[in-house]
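Work the whole structure out from these sequences, hints included.
For the record, the sequence lines run as chains H and Y.
Going by this note's numbering, the final residue of the first sequence carries number 1025, and the count climbs one at a time with no gaps.
Going by this note's numbering, the final residue of the second sequence carries number 359, and the count climbs one at a time with no gaps.
Any given hint might turn out to be false.
Here are the simulated SDA-like pairs of lysine to any residue, each with C-alpha atoms no more than 25 Å apart in a straight line [claimed, not checked]: (1) H:1003 to H:768; (2) Y:341 to H:699; (3) Y:151 to Y:116; (4) Y:341 to H:693; (5) H:688 to Y:339; (6) Y:341 to H:698; (7) Y:341 to H:930; (8) H:1006 to Y:222; (9) H:702 to Y:33; (10) H:688 to H:909; (11) H:696 to Y:336; (12) Y:24 to H:712; (13) H:890 to Y:337; (14) Y:344 to H:935; (15) H:702 to Y:29; (16) Y:10 to Y:238; (17) H:890 to H:848; (18) H:696 to Y:114; (19) H:702 to Y:9; (20) Y:344 to H:929; (21) H:696 to Y:48; (22) Y:341 to H:936; (23) H:696 to Y:339; (24) H:890 to Y:330; (25) H:1006 to Y:28; (26) H:763 to H:747; (27) H:696 to Y:30; (28) H:890 to Y:341; (29) Y:92 to Y:67; (30) H:1006 to Y:330; (31) H:800 to H:1014; (32) H:890 to Y:329; (33) H:702 to Y:336; (34) Y:341 to H:701; (35) H:1006 to Y:180; (36) Y:341 to H:929; (37) Y:344 to H:936; (38) H:702 to Y:44; (39) H:702 to Y:30.
Honestly, the hints are just simulated from the structure, not real lab data.
Bear in mind that the values here come from a model prediction, so they are computed numbers and not experimental data.
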Amino acid sequence: MRPERISKTAALGLFKEAGLLKLGRMADEARSALHPEGVVTFVVDRNINYTNICINRCRFCAFYRDADDPEGYVLSKRELFNKIKETVALGGTQILMQGGLNPALDINYYLDLLRSIKKKFRINVHGFSPPEISYIARKADLTVREALAILREAGLDSIPGGGAEILSDRVRKKMSPNKISSSGWLKVMRDAHTLGMRTTATMMFGGKEKPGDIVEHLDAIRTLQDMTGGFTAFIPWSFQPGNTEYQGMAPATAVEYLRVLALSRVYLDNVPNVQASWVTQGLKMAQIALRFGANDMGSTMIEENVVRAAGVSHSVTMDEMIKSIKGAGFMASQRDTYYNIIKRL
Amino acid sequence: MLGEIREKVHSAFRLTREDALKLFRTDDIFTLGELAAFSASTHNGDRAYYVRNIHVNPTNICVNRCRFCAFSRSRGEKGAFELTIEQIIKNIEEAMPVSEAHIVGGLHPDWPFEHYLKMLSAIRNEFPELHIKAFTATEVDYMRRISGKGLKEVLWRLKEHGLGSMPGGGAEIFNNAVREKLCPEKLGSEGWLEVTEAAHASGIRTNATMLYGHLESYEDRVDHLLKLRELQDRTFGFQAFIPLSYHPMNTDIGGEGASGIEDLKTIAVSRLMLDNFPHIKAYWVMLGEKISQLALLFGADDLDGTVIDEKITYSAGGVSRRGITEEELVNLIRASGRKPVKRDSFYEPARKWRVKA
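What follows is the structure, encoded as structure tokens:
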């Protein structure tokens, strides 16, 4: 029998009042009901940030550069292909392509890029978060849905859930005033799901949000998922204030991270997978996260640039990933973008 | 499965060796955490302690070459260092205001016993208010050997020259078969317990540690805890127990180290087994800020301190920075739901804090 769904009010109450161990136990039970076989998955992929030039200038971002900044870049096709070649050689099945909103690039750049990647490689392109999709569409004078359909035909397979930050326009106005609104983000995801594309969803907390904003965010994801079923996974991670306009602000602590993670698992009863963020938390914390609701370790991250720009750098080999999962008492499996197991390890 | 243990914990009955093994082997980390947190609250209420301290490592030159240690060097080896007493004074000066100096170092082949006494006197003369917590049982045993004096006299003279208390290092793991593999030259477990008992008898309070996550079994961990509990029953000289999670980088043993879950379990079982220890410390330098904060929900009540200038864990790839601000410590404690208390070296609230409250 399906357990009764938790309401927004009850979730807010839990989040504010319940002890971490109580929340953890609830999340652990929810996780083990969804994944009773005790397998923890990860994907081998590479983050390719094709450009760091961005007009949005989000105040929490340490990665972006202005168009005239000497540190601004756009990767050449050759650099890009080399990165993909290395990824494939390392057993990678996916590239995560994300970048800034670069006014010098139009939809033809993206279409050409996707086609040429697909011509050369058999690899899943998980690319372009909603702010990028929306920007590409707007510049090409297309609807989001039209732009998505064209990009998909050119080779875009699935869409990462970045740019969701906190789906509260009050908080977005403070921290990322130029980024698409909550409803804009949700619309891109809805359109993608309607076209049959799968996406993930993220949440960046530990910024200027209140507990109520976190619950609203989770509810927006759960509501859309009820309609489309297109989200494969939810990935909460904590804001890293280093090298941003919020430098000096205390980052979310371990207790806060696990509380949000656990609440996410309890609330999102219709999202099959929840990722632990070892990139922001470190491997030992990610191990603990596996008992606080997470069933997936995300990616081995052959390359990661955005969090590193904020001064937080953790790296991990496939071997370390497998040992960490086993050390936490689970079986380890490599998965593809759609959470199909491709190798038991 | 843990029902019987829960009964015992709630009625303050002593846990057995079998209970401890059951707790280590359980998958139910939530009940384990709740029981340990309950036990912690009976010892320390909702308080979590920290101290403003400096770590001083006078030398890394050491006649022992323990295989898990990435810090030690031989004389003349690259990276070997020894601080003069003047340098030590200067380092402490720069770290002020701190209330405690934690001093541990290698077993230097040339320094005579008098050098350590001089070091203590110089520090005490310069900083009469500063508490000096210095020299592990291993170092005190070494002083006994190089001075040819009895243990009691060595301890008495250290105390006379300013030693306030002793840290708990060098305990490693008491199982001699494992110890033989880890640190064959180091003072054995009987010696460690002998020196510690003598320190307690001389009115010197100490801490106790356990290094885990290397070659030891759960049985070894539990037996280690039992030895400490027995000694504490006789002396009541221990203040805090500090489980130390082994870091595999740059050491000869290699391995993976304990998992994050294992770190929390070890804290929890320690709290539950060591019912006669007032404090369980989650040493953030070794565990990292994140795991030590979680440890406060699994039975720990102390995060150690601001720790300026710690070199030993750092050499082995320790996860943490080399110091933390008081504000950050307070924030970690508050975010865990506990009440931060700045303490002195005997777990009394620091005077400044007391006036404010």
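Is the Cα-Cα distance between residue 702 of chain H and residue 44 of chain Y 25 Å or less?
-> With a Cα-Cα distance of about 20 Å, the restraint between residue 702 of chain H and residue 44 of chain Y holds, given a limit of 25 Å.
If you draw a straight line from the CA of residue 696 of chain H to the CA of residue 48 of chain Y, is it 25 Å or shorter?
-> Roughly 19 Å separates the two Cα atoms, so the pair holds.
Do the alpha carbons of residue 1006 of chain H and residue 180 of chain Y lie within 25 Å of each other, as the hint requires?
-> Holds. Residue 1006 of chain H to residue 180 of chain Y sits at ~24 Å (cutoff 25 Å).
Going straight from one Cα to the other, do residue 344 of chain Y and residue 929 of chain H come out at no more than 25 Å?
-> holds, 23 Å
Within a Cα-Cα threshold of 25 Å, do residue 688 of chain H and residue 339 of chain Y meet the stated pairing?
-> holds, 24 Å
Proposed proximity, residue 341 of chain Y with residue 890 of chain H (alpha carbon, max 25 Å) = Within the cut-off at roughly 22 Å; holds.
Starting from residue 702 of chain H, check that the Cα of residue 30 of chain Y is at most 25 Å away, please.
-> At roughly 12 Å apart (the allowed maximum being 25 Å), residue 30 of chain Y and residue 702 of chain H satisfy the hint.
Going straight from one Cα to the other, do residue 800 of chain H and residue 1014 of chain H come out at no more than 25 Å?
-> holds, 23 Å
Proposed proximity, residue 222 of chain Y with residue 1006 of chain H (alpha carbon, max 25 Å) | Roughly 22 Å separates the two Cα atoms, so the pair holds.
Does residue 747 of chain H lie within 25 Å of residue 763 of chain H when you go C-alpha to C-alpha?
-> holds, 24 Å
With a cut-off of 25 Å on the C-alpha distance, tell me whether residue 10 of chain Y and residue 238 of chain Y pass.
-> The given pair, whose Cα atoms are some 22 Å apart, holds under the 25 Å limit.
Straight-line Cα separation of residue 341 of chain Y and residue 930 of chain H no greater than 25 Å?
-> holds, 18 Å
In this structure, the hints that do not hold are numbers 18, 29 and 30, in rising order.
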